[in-house]
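S.K.: Residue numbers (my numbering), protein chains in the order written: chain R, 7 to 107; chain C, 62 to 636.
Please keep in mind that the hints were generated in silico from the structure rather than gathered at the bench.
Small disclaimer: the values here were computed from a predicted structure and weren't measured.
Computed footprint of chain R on chain C, listed as stretches where at least three residues anywhere in the stretch have a Cβ under 8 Å from a Cβ of chain R: (1) 266 to 272; (2) 307 to 319; (3) 329 to 339; (4) 348 to 357.
Just so you know, even glycine gets a beta-carbon here, dropped at the ideal spot from N, CA and C.
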Amino acid sequence: MPVHTRQSDDGETRTIAIEGRFDFSTHQAFRDAYENDSEGVRHWVIDMSDTRYLDSSALGMLLLLRDFAGGDNASICIENCNGDVRRILAISNFEQLFSIR
Amino acid sequence: MTDPDNPRPLRLLIADDSSTDRLILQAILRRQGHEVQAAEDGQAALQLYHRWQPDMVLLDVMMPRMDGMEAARQIKALAGETLVPVIFLTSLSDAGSLAQCLEAGGDDFLPKPYNPVIIRAKLWAFDRMRRMQETLARQRDLIHMRNQQLLDEQVTARRVFDNIAHTGCLDAPNIRYHASPMSVFNGDILFACPRPAGGMHLLVGDFTGHGLPAAIGALPVAEIFYGMTSKGFSGPDVLRELNQKLVRILPTGMFCCATFAEVDFRQGVVRVWNGGLPDGYLMDIDGTCHSLVSRHLPLGVLGPERFAAPMEEYRAKPGDQLLLMTDGVLEATDAGGQHFGEQRLLQALATQPAHVSPVDHVIEQVQTFAGGGRESDDLTLLGLRMTSQDPVTKRSVPATQSALTGPAFWRCSYEVEGPTLGQFNPLPLLLHVCMAVAGLRQHSGEIYTLLAELYNNALEHGVLELPSAWKNSPEGFARYYAERERRLAVVEGHSIQFDLEHCLRDSGGRLIIRCRDSGQGFDPEAVTEPGERAYAGRGLALIRRLSSGLTYNKQGNQAEVVYDWELTEHGSGQT
Numbered sequence: 007m008p009v010h011t012r013q014s015d016d017g018e019t020r021t022i023a024i025e026g027r028f029d030f031s032t033h034q035a036f037r038d039a040y041e042n043d044s045e046g047v048r049h050w051v052i053d054m055s056d057t058r059y060l061d062s063s064a065l066g067m068l069l070l071l072r073d074f075a076g077g078d079n080a081s082i083c084i085e086n087c088n089g090d091v092r093r094i095l096a097i098s099n100f101e102q103l104f105s106i107r
Numbered sequence: 062m063t064d065p066d067n068p069r070p071l072r073l074l075i076a077d078d079s080s081t082d083r084l085i086l087q088a089i090l091r092r093q094g095h096e097v098q099a100a101e102d103g104q105a106a107l108q109l110y111h112r113w114q115p116d117m118v119l120l121d122v123m124m125p126r127m128d129g130m131e132a133a134r135q136i137k138a139l140a141g142e143t144l145v146p147v148i149f150l151t152s153l154s155d156a157g158s159l160a161q162c163l164e165a166g167g168d169d170f171l172p173k174p175y176n177p178v179i180i181r182a183k184l185w186a187f188d189r190m191r192r193m194q195e196t197l198a199r200q201r202d203l204i205h206m207r208n209q210q211l212l213d214e215q216v217t218a219r220r221v222f223d224n225i226a227h228t229g230c231l232d233a234p235n236i237r238y239h240a241s242p243m244s245v246f247n248g249d250i251l252f253a254c255p256r257p258a259g260g261m262h263l264l265v266g267d268f269t270g271h272g273l274p275a276a277i278g279a280l281p282v283a284e285i286f287y288g289m290t291s292k293g294f295s296g297p298d299v300l301r302e303l304n305q306k307l308v309r310i311l312p313t314g315m316f317c318c319a320t321f322a323e324v325d326f327r328q329g330v331v332r333v334w335n336g337g338l339p340d341g342y343l344m345d346i347d348g349t350c351h352s353l354v355s356r357h358l359p360l361g362v363l364g365p366e367r368f369a370a371p372m373e374e375y376r377a378k379p380g381d382q383l384l385l386m387t388d389g390v391l392e393a394t395d396a397g398g399q400h401f402g403e404q405r406l407l408q409a410l411a412t413q414p415a416h417v418s419p420v421d422h423v424i425e426q427v428q429t430f431a432g433g434g435r436e437s438d439d440l441t442l443l444g445l446r447m448t449s450q451d452p453v454t455k456r457s458v459p460a461t462q463s464a465l466t467g468p469a470f471w472r473c474s475y476e477v478e479g480p481t482l483g484q485f486n487p488l489p490l491l492l493h494v495c496m497a498v499a500g501l502r503q504h505s506g507e508i509y510t511l512l513a514e515l516y517n518n519a520l521e522h523g524v525l526e527l528p529s530a531w532k533n534s535p536e537g538f539a540r541y542y543a544e545r546e547r548r549l550a551v552v553e554g555h556s557i558q559f560d561l562e563h564c565l566r567d568s569g570g571r572l573i574i575r576c577r578d579s580g581q582g583f584d585p586e587a588v589t590e591p592g593e594r595a596y597a598g599r600g601l602a603l604i605r606r607l608s609s610g611l612t613y614n615k616q617g618n619q620a621e622v623v624y625d626w627e628l629t630e631h632g633s634g635q636t
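Given only the sequences and the hints, what does the whole structure look like? Please build it.
M.R.: Structure (structure tokens):
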């Protein structure tokens, strides 16, 4: 599985880590990662340390998560992006919608 | 699945020159419920095969006239891609002979003397294989058919799409572009449309996803882009409409990365909005290269209340090149999986020979890199060379007596007040009113220019009190537009009023446009020669050239333009 989830002890923060390519083939796994048993999750962390590549459908999935997590009120943090991934997020100006660290 | 103890009856052809062996095998097979026909040699077996088309064939190896191996070879050839298992009946045991049987096309052996249990198991196994092959072939044919159907549908859909996007000016002499004919199904779009008062709008875009959903999103984009541009709406207006339409129709997660450019050839200005596409480039004729960076979220992401459509302004001289592209260029890969990337692109642009369009040069470089041009399907590029004149010649619409239809004698007054001045562009609406007169329709470009020049003068100089002298230097130019934005945002207590009046005359008509602003005005007497005074600028000269007369009131805050049009045999001209 290229998508792994971790939950903080209080159950409020869920971290989703994506391994390898984050593209359409990850769609179902990513969706499961945020939809399953997510009651009580208030903060989301997308860990990109092992994400090599990100395409536009992945950007779409991030938007889906954002809607799921409350739209403009969503608390989502994208972390540990490599240069390529960061570049794609920057071109799309996703820092306006997500906090990217 | 068939039960091994109770297999479906098969049609079995057996061939053996020994009548005893033949009878024994026939009896065993019939007892197991199969339909059996028997031949005494290879030749007879072949004839029987032709006539009867059995499911499986069991052949003795050594027979007179034609041996089992030759019969197997011919039966396999006749069966083509249908799997007809051929099983050799043999008492041979040396490896070489057995191997020969398989080389001739046999699938297995049955050792003599016969064992009914083994026979049952083998027949069942081969029947299973035979059916699997049948299913595979059927499914393959079905997939093939469906794929063909899909391609046919795409061609038809492409035609519909072309009909909607046909009014474009991608064929203008100063535009070069590259897009695969089916690029709309890769989610790529590429449009260009002349503006009524001269200049052009360009749009290069890339929808998330592929196939039908992407192509469906492209349809409203084409319609809005062409429709609004030819009605005279500005870039930000078109962008806002595109965005809100896409937000409404696309599911979350689907959007359109796009670069929009508004080109004004006469003034030598390029305005760019980039939301999510790789950098575009504006290359000076002297070699300097400006990156047109994405500063916005793609179209279809933000709700209308949060969407911003400010465009960045650049000055451009004739000969300068504008280059816009989707990410297919950067993501083109070579045999080793390496991306073409930004470095190689910049390198290509730096080494670009004069007189070769950057589009052709970049495509060539990418194809050399990727090898064999196999990536060119995903490459969408648009290049535009700046010219001093509008490159698109107006298509003349023949005017006949029907030009006299529509409202002939009318008058209307329209006033824009207060903060609305900063938020709303009244020109498309006013143009629309004028275009109800059939005879004016073929002059839409000139009418739009008159309205636009009058409105801009009234707004920028009358209401906002911007000195046009600023525009004489590049720094001032930027300052002018920055200040324009700033003052527009806080404008209050002002208004601009248009009075339009139209009447028919002997062989044509007359349109009178009055534009009055609430500003201080200026001394029209002081403007003797166009361009002499920076305040009046080139706009007034243009109005004078297009119309039969321009006059100002004493206070200098109301302009009156008279525009006469005439019917001629081949079209209507202006006196």
